[in-house]
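Asker: The residues making up each chain are set out below.
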Amino acid sequence: MPAVLQARDLVKQYPRVRAVDGVSFEVQEGSCFGLLGPNGAGKSTTIEMLEGLLKPTSGQVLFRGAPLGGHYRERVGIQFQHTALQEHLSSRENLRFFGALYPQRRPLDELIALCRLEEFLDRDTSKLSGGQRQRLLLAIALVNRPEVLFLDEPTTGLDPQARRNFWDLVQGVKAQGKTIVLTTHYMEEAYLLCDHIVIVDHGCIIAQGSPGALLAEHFDDAVLELPSAEADKLHDGVVYKHKGDTVEIHTPDIGATIAGLQAAGASLAQLRIRPRTLEDLFLELTGRELRT
Amino acid sequence: MSNPLLDSWRRLRAATWARSLEFLRDRSAFGWSLLFPVLLVAGIAFVFSGPGQPMFKVGVLAPAGVALDAKLHPFLATPQVRFYAEEPGAEAVHKVQLQRIDMLLDFTAEPGRYWLNEQSPKGQLLEQLLRGTGGAPLRREATSGAEARYVDWVAPGVLGMNMMFGCLFGIGYVIVRYRKNGYLKRLNATPLRAFEFLLAQLLSRLMLILLVACAVFTACRLLLHLRMEGSYLDLLLLATVAAVSMIAMGLVVSARISSEELAGGILNVIGTPMVVLCGVFISIDGAPHSLQVVAQLLPLTHLLEGARAIMLDGAGLPQIAPHLLALAAMSVVYLALGTALFKWRQE
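As given, the protein sequences belong to chains F and C, one line each in that order. Be aware that the first sequence starts at 1, since it is given in my numbering, and climbs by one per residue. Be aware that the second sequence starts at 293, since it is given in my numbering, and climbs by one per residue.
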C-alpha cells in the first residue's frame with residue numbers, strides 16, 4: 001500500500017533544546033500509526049509538524065508524495081491534547097460552526113451517531129465531562145471527512161472508563177478505513193489501537209514496528225510477580241527485579257520456574273503472571289520507566 | 293468546485309455568528325455593558341447638579357505677562373466672580389454661546405471689548421455690574437445660544453469612554469483568552485484565515501458595541517434630556533468609524549500576548565491616559581500644546597470632538613469630516629498592523 005504521510009529526517013530545533021532530532025517514518029493508508037514515548041520525548045512536536053502547524057527546522061513532510069499544500073488543512077482532522085471551545089455554545093452549535101469552516105462536511109447525524117453525542121448535544125460545552133468533551137472534540141476533528149485523523153494524547157486525564165469508551169470510538173473510526181496518527185504515553189492504548197508504532201525518546205526514534213513484532217523481537221519470556229519474601233526462596237538462574245515489596249521474575253519457561261518455586265516451598269497464593277508489554281520494552285531500551 | 297470568495301464569506305459569517313452568540317449568552321457581561329454607562333452618566337448628572345460652583349465665571353483675554361487684577365480693570369476686583377485667563381480664538385466666544393462661561397473680556401483689542409450671551413440672565417447681571425465699576429469703557433459684543441449644561445457636555449465623553457473600554461477590552465481580552473486556552477491553535481488547524489478570524493471578531497464586537505451604545509444613548513436622552521442639535525445618522529456614522537478604529541487598536545494589543553494580566557495592564561495603560569488626554573470629563577482646551585498634539589493621534593479625541601460638535605452645535609457631515617477621515621485612517625493602520633502581527637499560538 002502507498003504511504004499517506006512520509007516524514008523525512010525531521011528536525012525541530014528550539015533555542016535551548018532540540019525537540020526532534022532527525023526522525024523518518026511512513027504512515028500507511030488505512031492504518032493506525034502510533035507515536036509513543038514519555039512526556040517531553042518530542043511526540044507533540046513531531047505530530048504538529050505532520051499536521052502542518054509547525055515548520056520543521058530541517059527535513060520534510062510529504063502528503064501522498066507531495067509537500068503539504070494550501071488545501072492540506074481541508075483534508076485532515078486534528079484533535080489536540082488541550083483545546084478550549086467557545087463558551088456558551090452547545091455541542092451542536094460548535095459542530096455547525098466548525099463544519100462551516102470547511103468546503104466539505106459530514107452530515108451532523110452521522111457524526112452524532114459515530115461519536116455518541118446524543119445525550120449532550122444541546123448542552124453548553126462548558127458543562128461537559130472530560131470524556132464527553134473528548135468525544136465532541138473527536139467529532140469536530142471528523143467534521144470535514146478528513147483523509148487523515150490526528151489524535152494528540154486524546155485520553156490523557158480521562159478516567160479508565162472514559163478512556164475505554166474513547167478507544168471504542170477510535171476503533172469504530174478505524175473500522176471505516178480511516179488513516180489515524182496517534183500520540184500517547186499509554187502503552188496499553190498503543191498496543192490496543194495501533195498497527196504500527198514508533199517509540200521516541202529525547203527526539204529520536206529508538207524502535208519501530210508493529211506492537212506484536214516489537215515485543216516478539218525483544219522478548220522471549222514472561223513475567224511472574226510475587227511478594228519478595230516468597231520469591232527470595234528461589235535462587236536459580238532467573239532474572240530478578242525488585243519493585244517495592246514485590247519481585248518480578250523474568251523467565252522463558254513459566255512451568256519450570258513455578259515448579260522451582262513450589263520445590264523451594266514458596267507460597268504461590270499471590271502469584272501473578274503477565275506477558276511482556278510495551279512498558280517493559282521501553283524500560284529495556286532506555287533503562288527508564290515510561291511514566292516518571 | 294468551491295469558490296474561494298464564497299468559502300471565505302462562509303467562514304467569516306460562521307465565526308462572527310459564533311462569537312456574537314457567545315457574548316449575548318454571557319448575560320452578566322452583556323447586562324453590565326448596558327447598565328454601567330447609564331449609572332455613570334446618572335451619577336455625574338447628580339454630582340454636578342448641586343451647588344458649589346462659583347456664582348459667575350468670566351474668561352479674560354489679556355496681553356502676555358499682565359496680571360488679572362484691578363490694575364488692568366477695576367471690574368476684575370468684583371467679589372463672587374471667578375476670573376481666569378482664556379486662550380485667544382473662536383473657542384473662547386463659543387464658550388459664551390454655550391453659557392459655559394458667563395462673560396468674556398478682551399483687553400488685547402483697542403479699545404477693550406466684552407462678550408455676553410443675550411439669552412443668559414447671569415450675563416445680563418454681570419453687564420450691570422461692569423457698567424457700575426467705572427474704568428475704561430469696553431465695547432459690547434453680543435452673542436446668543438441656549439445654555440449647555442455640563443451634563444450635555446460630559447455625557448458624550450462618558451458614552452465615548454465606555455465605548456472605548458468596551459472596544460479595547462472586549463476584543464483584547466477575548467483574543468488573549470482564546471490564545472491562552474488553545475482555542476486559537478484549534479482554529480489555526482482549520483481553513484479559517486487570520487484576517488477572516490480578526491474581521492469576524494471586529495464585526496461581532498462592532499454590532500454589539502453599537503447596539504449597546506444606541507440603547508445607552510436613548511436611555512440617557514430620555515433620563516437626562518440630553519441636548520441633541522445635529523443628525524442622529526451623522527452621530528451613528530461617527531460612532532461606527534470610531535468603534536472600528538478602537539477595536540482595531542485592541543487587535544494590535546492582543547496580536548501576540550497570551551497572558552490576560554499583561555493584556556489588562558497594557559489596555560489600561562492605553563485607555564486611562566485617553567480618558568484624561570481626550571477630554572472625557574474636563575476640556576483639554578487649556579492643556580499644553582504638545583499634549584493637544586498627542587490627543588489628536590488618539591481615536592477617542594476625534595470621537596468626542598465630533599460627537600460634541602454634532603450634539604451641542606448641530607454640526608453636519610462637512611464639519612465632522614476631518615474627524616471621520618482621521619478615524620478611518622487610524623482604522624486602516626491598526627487593522628493592517630493587527631493582522632501583520634497576529635499569531636495564533638503562544639510563543
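Calculated from the structure, these hints are not laboratory results. Every residue, glycine too, gets a C-beta built ideally from N, C-alpha and C. There's no promise every hint is true.
Derived EDC-like pairs (lysine to aspartate or glutamate); straight-line CA-CA distance at most 20 Å [to be verified]:
{"#": "1", "chain 1": "F", "residue 1": "LYS127", "chain 2": "C", "residue 2": "GLU314"}
{"#": "2", "chain 1": "F", "residue 1": "LYS127", "chain 2": "C", "residue 2": "ASP318"}
{"#": "3", "chain 1": "C", "residue 1": "LYS414", "chain 2": "C", "residue 2": "GLU402"}
With the Cβ distance kept under 10 Å, some of the chain F side facing chain C (calculated, not the full set) [stated by the list, open to error]:
{"#": "4", "residue": "ARG92"}
{"#": "5", "residue": "ARG96"}
{"#": "6", "residue": "ASP124"}
{"#": "7", "residue": "LEU137"}
{"#": "8", "residue": "GLN171"}
Asker: Taking the hints in turn, state whether each one holds.
Answerer: Cross-check of the supplied hints:
1. With a CA separation close to 15 Å, the supplied pair LYS127 of chain F and GLU314 of chain C stays within the 20 Å bound.
2. Between LYS127 of chain F and ASP318 of chain C the CA atoms are separated by roughly 14 Å; this keeps the pair inside 20 Å, and the hint holds.
3. Under the criterion of a C-alpha separation no larger than 20 Å, the hint pairing LYS414 of chain C with GLU402 of chain C is inconsistent with the structure, at around 26 Å.
4. Taken as an interface hint, ARG92 of chain F does not check out: its beta carbon lies about 12 Å from the nearest beta carbon of chain C, beyond 10 Å.
5. Interface hint status for ARG96 of chain F: upheld, as the beta-carbon distance to the closest one in chain C is roughly 8 Å, under 10 Å.
6. Taking 10 Å as the C-beta cut-off, the interface hint given for ASP124 of chain F holds, the closest approach to chain C being about 8 Å.
7. Nearest Cβ of chain C to the Cβ of LEU137 of chain F: about 9 Å, under the 10 Å cut. The hint holds.
8. Taking 10 Å as the C-beta cut-off, the interface hint given for GLN171 of chain F is violated, the closest approach to chain C being about 24 Å.
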